[in-house]
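**Q** One letter stands for each residue in the lines below.
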Amino acid sequence: MLAAWQDAVGVIAELLGIQYTTFSLLCLTAFLFVMIFELLTIVSVQEQKINTLSQMVGLLTEKRPEQQDEKQPGQASDDGRP
Amino acid sequence: MDVLVVDDGSTDGTAREASNKSRTISLPFNVGIGGAMQTGYRYADLHGYDIAIQVDGDGQHRPCEVKKLVDTVLSGEADLAVGSRFLSNSPGYKQNPMRQLGAFFLRGMLQLLTGRRITDCTSGFRAANRKVIRAFAHWYPEDYPEPEVILLLHRAGYQVTEVPVSMRQRRNGSSSISGLKGVFYVMKVSLCLLLDLARRPWDNAKVNGR
Chain Y
6 MLAAWQDAVG VIAELLGIQY TTFSLLCLTA FLFVMIFELL TIVSVQEQKI
56 NTLSQMVGLL TEKRPEQQDE KQPGQASDDG RP
Chain U
46 MDVLVVDDGS TDGTAREASN KSRTISLPFN VGIGGAMQTG YRYADLHGYD
96 IAIQVDGDGQ HRPCEVKKLV DTVLSGEADL AVGSRFLSNS PGYKQNPMRQ
146 LGAFFLRGML QLLTGRRITD CTSGFRAANR KVIRAFAHWY PEDYPEPEVI
196 LLLHRAGYQV TEVPVSMRQR RNGSSSISGL KGVFYVMKVS LCLLLDLARR
246 PWDNAKVNGR
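Top line first, the protein sequences correspond to chains Y and U. Our numbering applies: residue 6 is where the first sequence begins, and numbers increase by one. Our numbering applies: residue 46 is where the second sequence begins, and numbers increase by one.
A hint or two may mislead.
Here are the simulated lysine to aspartate or glutamate pairs, DMTMM-like style, with alpha carbons at most 20 Å apart [as the list claims (entries may be wrong)]: (1) Lys54/Y <-> Asp188/U; (2) Lys113/U <-> Asp57/U; (3) Lys66/U <-> Glu71/Y; (4) Lys226/U <-> Asp188/U; (5) Lys66/U <-> Asp101/U; (6) Lys233/U <-> Glu52/Y; (7) Lys66/U <-> Glu52/Y; (8) Lys113/U <-> Asp95/U; (9) Lys54/Y <-> Asp95/U.
Keep in mind that the hints were calculated from the coordinates and are not lab data.
Let the sequences and hints guide you as you build the complete structure.
**A** Right, dumping it as C-alpha cells:
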C-alpha cells in the first residue's frame, strides 16, 4: 500500500497529529505486529478446539473387534467402506 | 491388558486392519503426534484405566519389555516410567551421528532445567499411572511432546524414572525428523522447553479433582 501510495505515511502522520512522519511508520509497524499476534492467537485457539473435537469424534466412534465380528460379510462398515 | 490403536488419519487402511484385532480409534484427520497420544490418554482416563502404556507404531518397542515399565509404576517408584535404549544394550539398534548429537543436546538441556539425568528423553515407550493419565488427558503438548512432557511433569512434582529397555530398528516407515528437519526439531523443542519455564506448572489439584 505504501509503495503504491507513497504519501500515505505523511497523511497518516497528519491525521494522527504526529510531528515526525517516520514515527507514524513505526506506529503502523507496531500496530501490524499486534494485529498479527492477535490473529495468531485466534488461529491457535481455534486449532486447539478443532483438535479436541476430532479427538472426541475418534473416541465416540471407537471400533472394537467384537463389533467387526457382528457384521455380516459384505456389509458396509460405519464409515461407508465395504 | 487391552490394546488400543490410535489411527491418526492414515490413508493406508491401518484403521481397518487394526480394528479386526484391537480396539481402534480413527481420528477424522491427522492431528499430529501430540493430539494422537492425548486421544489415547483421554480414552484411558474416560474408561478408568490404572496404567497406560504408550508404544510407537513402527515396531521399535518390544512388547516383552512392557512388564518392566509396568512393574516400575506399580511399585510406586515412578508416576511415569520411560523406557531408555541407552541404559541397556540394544544390539540391533543404531542411531546416526546427527540424531546422536541432537539427543545429546536435548539431554543436556533437560539436565540443566530439571537437574536430573534423562538419557532417552525422546523415547516414546512409556508407562503412566492414573495421576499422569489424568494430567495428560487434561493437557498434552502438540508437537514433538516427549522431552517437553518430562519437564512439565517434573515441574508439577510428578516422579519420572527411566527403565533400561532394548529396542530394535524401526520395522517400517521412515522417521519424520530426519535430515534438516532434525535440526529444526532440536531448535523447536529447545525453545518450547525454555518457554515452559515461563508457564505455570500443572495444577495437580485441578487435574486430579476433576
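**Q** For which of the previously enumerated hints does the structure constitute a violation, in increasing order of number?
**A** Hints 2, 7, 9 are the ones this structure does not satisfy, whereas the remaining hints hold.
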